[in-house]
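Can you make the complete structure from the sequences, with help from the hints?
Chains as they are written, first to last, in the numbering used here: chain A, 494 to 630; chain B, 3 to 391.
Be a bit skeptical, because a hint or two may be false.
[To be verified] Pairwise CB distance ranges, derived in the manner of DEER restraints:
{"no.": "1", "chain 1": "A", "residue 1": "Lys607", "chain 2": "B", "residue 2": "Gln131", "range": "23 to 33 Å"}
{"no.": "2", "chain 1": "B", "residue 1": "Glu250", "chain 2": "A", "residue 2": "Ser566", "range": "34 to 44 Å"}
{"no.": "3", "chain 1": "B", "residue 1": "Ser100", "chain 2": "A", "residue 2": "Asn538", "range": "31 to 41 Å"}
{"no.": "4", "chain 1": "B", "residue 1": "Arg256", "chain 2": "A", "residue 2": "Val594", "range": "29 to 39 Å"}
{"no.": "5", "chain 1": "B", "residue 1": "Ser133", "chain 2": "A", "residue 2": "Leu504", "range": "17 to 27 Å"}
{"no.": "6", "chain 1": "A", "residue 1": "Val594", "chain 2": "B", "residue 2": "Gln131", "range": "52 to 62 Å"}
Don't read these hints as lab results, they were simulated from the structure.
Beta carbons are placed, not taken as given, at the ideal position from N, Cα and C, and that holds for glycine.
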Amino acid sequence: MERIQPASGALADAYIAGCRVGELRLQRCGSCGIYQFYPRIICGNCLSDELEWSAASGRGEIRSFTVVRRPISKAYEAPYVVALIKLEEGPTLMSHIVDCVPEAVAVGLPVQVKFAAWSENVTLPVFTLDSQRGSSS
Amino acid sequence: MSLLRGNVAIVGAADTRVGVVPDRTATELCIESILLALTDAGINKDEVDGLVTCNSMAQPMLYHAEAIAEYLNIAPRYCFAAGAGGGTTFAVLQHAASAIVTGMADVVVIAMADSLRSGLTRDQAMLMQSSTGHPQYEQPYGPTVPAYYALIAQAHMARYGTRPEHFAEIAVACRAHATRNPAAQMRDPISVDDVLNSRMIADPLHLLDCSLVSDGGAAIILVSAERARDLPQPPVYVLGMGEGHGHEHISQARDLTTSTARESGQGAYAMAGLRPADMDFAQLYDCFTPTVLVELEDLGFCAKGEGGAFVTDAGIGPGGQLPVNTHGGLLSHCHPGNPGSMFALTESVWQLRGTAGERQVTNARYGLLHAQGGIMSSHSTLILGREPR
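Structure (structure tokens):
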């Protein structure tokens, strides 16, 4: 059984192509300057269509999280940590926190992106606790 | 003053059996609820010229309300099936009341039913659950529905020091109400320890922080206040309504601990000319315990961040400062999905008629009802009263 794969689409495919080469791609608005996630055909802030892909730092902090004890399907091995990550650039995205025991995860901890294979063709971002930055933020 | 305040009244209300009802399909439950509500209102089916339903997950139909009208052999001039998740019930009331005030319909039936317990296989139920969330940027991470609400709970705990015991108090209070309701699906009293010792589903939510999976249906009849005076039941007046819509996907929420229940509530209080302190009871959407805590704060029953203290000290159970979910709520009465809040509506009608039996709130004059859909995404608030004001 395979994990849930992201639905395909031009913008989603460009995002996933970035993940494949180790880049967490956000859109940056050429008009108002904000970064946005998820990708859209317009800037959700000023409605400009002058959007450029920009590689994010991959650094962020945990805005919230939960430990899923009862998985959505057999393809997911419980427990797993689903988190909302606030990126340094501003936007929030949903992801997993990996490579640690669930008990180590807390709101406010700094995290760093890494990339994980979701299927033969799809790579997605996941996050690890950033021990270098400790709990300074 | 709003055209809506006090000009529309609920004159009939009924629930079917709820819980596990394998001998009725979702459609049949919907029909049964309508027949019971018409009888309660003393209205003939041929007088019904407005019908509002929501679609069923167990027995979906492309044109659900039309199919229900066809089943009853009626031909309403105002007819639609709404879909706003858990917020569907009170959101449609705003539309139906507007239709009556503007003359688009005179007698509107709102009826909703589903059979999530008996009408879906476990695989169908899990598939439905995995379709929640953004199909590209959320679903692949495998969040379950409890997990989405756990994100709200953890954020509240981190920001305001709220504890799992506070969430547990909400489940305990709803169950205490349900023990006084012979119709409720779960009637055995529970304690805070029972909640905290139940299986962890998605931290910090335990099994008993999660609502039920049920079959059931309910319906109400809505007419103008003028028409209501000629009908047998004491009218229950619609005094205030409001909505707030902040996001769809939780990863896009501007704030995890403050919702647009705030705007929704402000709209309803302004229309009614009433304040939180005027409410004799509240029915607050309780798909998971943290939603009640956030709603208590956002609807002004306590200050932001003090929901935990409010449920513990002021009390929301029977005899508490603000009885919440007097029928038992989605946590203990029943939760058949989108129709869930209909039972909060019919219960409120009975509370304001003074016919709620052992669970009657003494001298109840005003009640506030709130529902949310998505993941604290869309909110609707309703204030009802036994006088038109």
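Consistency of the hints with the structure:
1. Checked against the hint of 23 to 33 Å, the pair Lys607 (chain A) and Gln131 (chain B) passes, with Cβ atoms roughly 28 Å apart.
2. In this structure, Glu250 (chain B) and Ser566 (chain A) break the distance hint of 34 to 44 Å, their C-beta atoms being roughly 23 Å apart.
3. Under the hint 31 to 41 Å, the C-beta atoms of Ser100 (chain B) and Asn538 (chain A), about 33 Å apart, fit the expected range.
4. Our hint of 29 to 39 Å for Arg256 (chain B) and Val594 (chain A) holds, since their Cβ atoms are close to 31 Å apart.
5. In this structure, Ser133 (chain B) and Leu504 (chain A) meet the distance hint of 17 to 27 Å, their C-beta atoms being roughly 20 Å apart.
6. Between Val594 (chain A) and Gln131 (chain B) the beta carbon distance is about 26 Å. The supplied range of 52 to 62 Å is therefore violated.
Checked against the numbered hints above, the structure breaks hints 2, 6 and satisfies the rest.
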